[in-house]
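Please build the complex by placing chain U on the supplied structure of chain R, with the hints as guidance.
2 protein chains.
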Amino acid sequence: MSLKAFETMKKGETLALDEVLANLKADDAGLIAAIAQQHDTGEVLMLAYMNEKSIRETLETGQVCYWSRSRQTYWRKGESSGHRQSLVSMSFDCDGDCILLQVDQKGPACHTNRRDCFFFRVEGDKVVIHSAPQ
Amino acid sequence: MSLKAFETMKKGETLALDEVLANLKADDAGLIAAIAQQHDTGEVLMLAYMNEKSIRETLETGQVCYWSRSRQTYWRKGESSGHRQSLVSMSFDCDGDCILLQVDQKGPACHTNRRDCFFFRVEGDKVVIHSAPQ
Numbered sequence: 001m002s003l004k005a006f007e008t009m010k011k012g013e014t015l016a017l018d019e020v021l022a023n024l025k026a027d028d029a030g031l032i033a034a035i036a037q038q039h040d041t042g043e044v045l046m047l048a049y050m051n052e053k054s055i056r057e058t059l060e061t062g063q064v065c066y067w068s069r070s071r072q073t074y075w076r077k078g079e080s081s082g083h084r085q086s087l088v089s090m091s092f093d094c095d096g097d098c099i100l101l102q103v104d105q106k107g108p109a110c111h112t113n114r115r116d117c118f119f120f121r122v123e124g125d126k127v128v129i130h131s132a133p134q
Numbered sequence: 001m002s003l004k005a006f007e008t009m010k011k012g013e014t015l016a017l018d019e020v021l022a023n024l025k026a027d028d029a030g031l032i033a034a035i036a037q038q039h040d041t042g043e044v045l046m047l048a049y050m051n052e053k054s055i056r057e058t059l060e061t062g063q064v065c066y067w068s069r070s071r072q073t074y075w076r077k078g079e080s081s082g083h084r085q086s087l088v089s090m091s092f093d094c095d096g097d098c099i100l101l102q103v104d105q106k107g108p109a110c111h112t113n114r115r116d117c118f119f120f121r122v123e124g125d126k127v128v129i130h131s132a133p134q
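Heads up: the protein sequence lines correspond to chains R and U, in order.
The UniProt record's numbering puts the first residue of the first sequence at 1, with every later residue one more than the last.
The UniProt record's numbering puts the first residue of the second sequence at 1, with every later residue one more than the last.
Same shape as in the complex, but just chain R:
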């Protein structure tokens, strides 16, 4: 499945959410990559994975819920740490295989207590640790 059938629709036209969710292109494990971006600063915070149930829960509760591939269970971001992600908006890409979450991240998004997960930055033939835990 994919959203290709809908890509020629015009700006402002609408589809039913259920129809879009039914046409997402999940992987063999039923998962779709989800990018979390801080809505006001534009920082890309992290990449994680969602299934249809976690997408629906996130839309219903306004708190981001992923599927944890390592723990094989739902992962309500910040449930234990308090570093919650409130949903601002959710968008799907042209292929229906990626989600962009605009969020309001409370505190660090990364399990290392850094604000975002992308702290290994390439500089020439080196990689520099680019940020410190908060």
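A couple of the hints might just be wrong.
[As the list claims (entries may be wrong)] Covered, in the sense of this in silico footprint (three residues per stretch, anywhere, with C-beta under 8 Å from a C-beta of chain R), are these stretches of chain U:
hint, region
1, 1-12
2, 57-66
3, 81-93
4, 108-114
5, 118-130
Keep in mind the hints are simulated off the structure, nothing from the lab.
Virtual Cβ for every residue (Gly too), placed ideally from N, Cα, C.
For chain U alone, kept in the frame of chain R given last:
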């Protein structure tokens, strides 16, 4: 493999690029998700996939090269369309399974000629087409 062994390093410390590349956590197809973000506006443009060879080519040439899962070949972004992505910076995440590319995108990033791929936006129980082709 993963970058977990390095996550406690301090800000400003360095690793050899080869060591980091050898420890990335690719999927069974040898691929890693790569997010492209416009470096100056913060727009998240697209998600695609890279393997080690495309990572190295991107760093050497300064032009972003992905691996196309649908065509099963290297995909030098903009090679046919002219909508090239020039690399500004490359970072890896804490798990070593995602890349953040800061790029300078010439024209539309999406194959639909929209600036970015995330034009299916959820609004209540509908999904709205959020942008028009350029």
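Find the hints from earlier in the document that the structure breaks and name them by number, from lowest to highest.
-> 2
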